[in-house]
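Engineer: In case it helps, the working numbering puts the sequence shown at residues 125 to 532.
Keep in mind the hints are simulated off the structure, nothing from the lab.
One thing to keep in mind: the hints can contain errors.
[As the list claims (entries may be wrong)] Just the calculated beta-carbon pair ranges, DEER-fashion:
hint, residue 1, residue 2, range
1, D508, I224, 41 to 51 Å
2, G179, S318, 25 to 35 Å
3, A405, L237, 32 to 42 Å
4, I224, G516, 30 to 40 Å
5, L165, W283, 51 to 61 Å
6, A142, T231, 47 to 57 Å
7, F443, L183, 26 to 36 Å
8, G338, Y143, 51 to 61 Å
9, I224, G179, 49 to 59 Å
As the structure is a computational prediction, the values presented were derived from the model and not from experiment.
Ideal Cβ placement from N, Cα and C applies to all residues, glycine included.
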Amino acid sequence: MVWGSIFITIGMFFAAGAYAFTEAQAWEDAVPKTATDDEILGARIASYVLWGIGGVLLLLLCFFRKQLQLAMGTVKETAKALVTMPMIIFLPIVQSVGFIAFMIIWTVYAVFLASLGDFTTTTIDITPDVGFELPEGFETPQVTVRQFVFDDFTQQSGWYLIFIFFWTSQFIIAVGEIVYALCFAKWYFTRDKSTVGSGQVWESVCDVCWYHMGTAAFGALILAIIKLIRTIIAYFQKKAKEADSKIATAVLCCCQCCFYCLEKCVKFLNKNAYIHTAIFATNFCTSAREAFFLILRNAARIGAIGYVSGAVIFVGKAFIASLTGGLAYFAIDTQIGMELNSIVGPIVLIILLAYSVSAMFMSVFDLGIATILQCFIADEEMFDGDQMYAEGSLRAYIDKYDPSSEDK
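Could you put together the complete structure from these sequences and hints?
Structural biologist: Below you can see the structure in the form of structure tokens.
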């Protein structure tokens, strides 16, 4: 499946280039001409660019073949770990329950805070247009407007409540990621895999609650601050748009883009820091620093893992959603199909729900792949030869390639 997705991706660029070149040739030979010379030239340039991209991808495939084989081995070992610890796939449900419980409490506070505003009455004079004078004896018309306003304390409390939402939601996500990483790390660094089971999951939950809650809270705090800054920028963007200030809108838009990129980078670094914490039991700052340099040392491997895991996870989500949609169509059509005006609406809703649920569960698989890769790199750096913990596909990779070579 992985090799198929790679070759299909490369083949699509070559096929698109061939199509663009064929269209350009057909436009040039057409009598009378149906396209301008610029359009013909543009189609030919597009074909050359597409062929060039396909060629570059083919060269990259040859150059990074080792990394791709390691990535596929990592995916296989992650699947084995999931089979060994089946209870891990139910942890997202526990996370969702925790988040829902928090949202209920948060919503109650938000409703009470929103009710602290007061109605104020404002009288506004309607000024006539320039050059228009009111007849003698008529006064300037006035309009009374009632507004619901909040004092400074209530507004500050609202911002604080938003910050609490960001921090707590990210904290719940962080705790889950550390638990997943700890499960996979313990599985990897166990010689006898038959001794690992679902009990390892609950043991990891207890370890995280006892030892690593501060790490999760600190990582979540950083993301919460960034999200709060983005929310404040969005607030000023709305004000700038209402004031029709082009310069302010452009500057704030650039700031929003910068903080969006920063948030994505911090999320990626946090995830790897949590994995490093699960493996070595270090604090957040130490884990973040070590994870950053680990990413630099193994950029090619992590890039290959990103491509392969992305393809596998997308196929998995698409398969689950399509299978659920197909079964739902068969069930609805045979049971109550004649009673419905259209079956399309319910099927689309079911597919969307199935895709959302599959995305939640496949996120565990994604984190497992990243954890197994970090475990393998740590195993490679700390142990030699037969002392390594690598098994299965990863052991086959070690036997085939020399891990001590500089081309990692």
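Engineer: Does each hint hold? Answer for all of them.
Structural biologist: Each hint, compared with the structure:
A hinted range of 41 to 51 Å for the beta carbons of D508 and I224 is consistent with their spacing of about 48 Å. Between G179 and S318 the beta carbon distance is about 48 Å. The supplied range of 25 to 35 Å is therefore violated. Between A405 and L237 the Cβ separation comes to about 40 Å, which falls inside the hinted range of 32 to 42 Å. At about 38 Å, the beta-carbon gap between I224 and G516 stays in the expected band of 30 to 40 Å.
Taking 51 to 61 Å as the suggested C-beta distance range, the pair L165 and W283 conforms, at roughly 55 Å. Taken as a hint, the range 47 to 57 Å holds for the pair A142 and T231, whose Cβ atoms sit roughly 56 Å apart. F443 and L183 have their C-beta atoms about 31 Å apart, which keeps the hinted 26 to 36 Å range intact. Distance hint for G338 and Y143: a CB-CB separation of about 56 Å, consistent with the stated range 51 to 61 Å.
I224 and G179 have their C-beta atoms about 51 Å apart, which keeps the hinted 49 to 59 Å range intact.
The structure fails to meet hint 2 from the earlier list, while all remaining hints are met.
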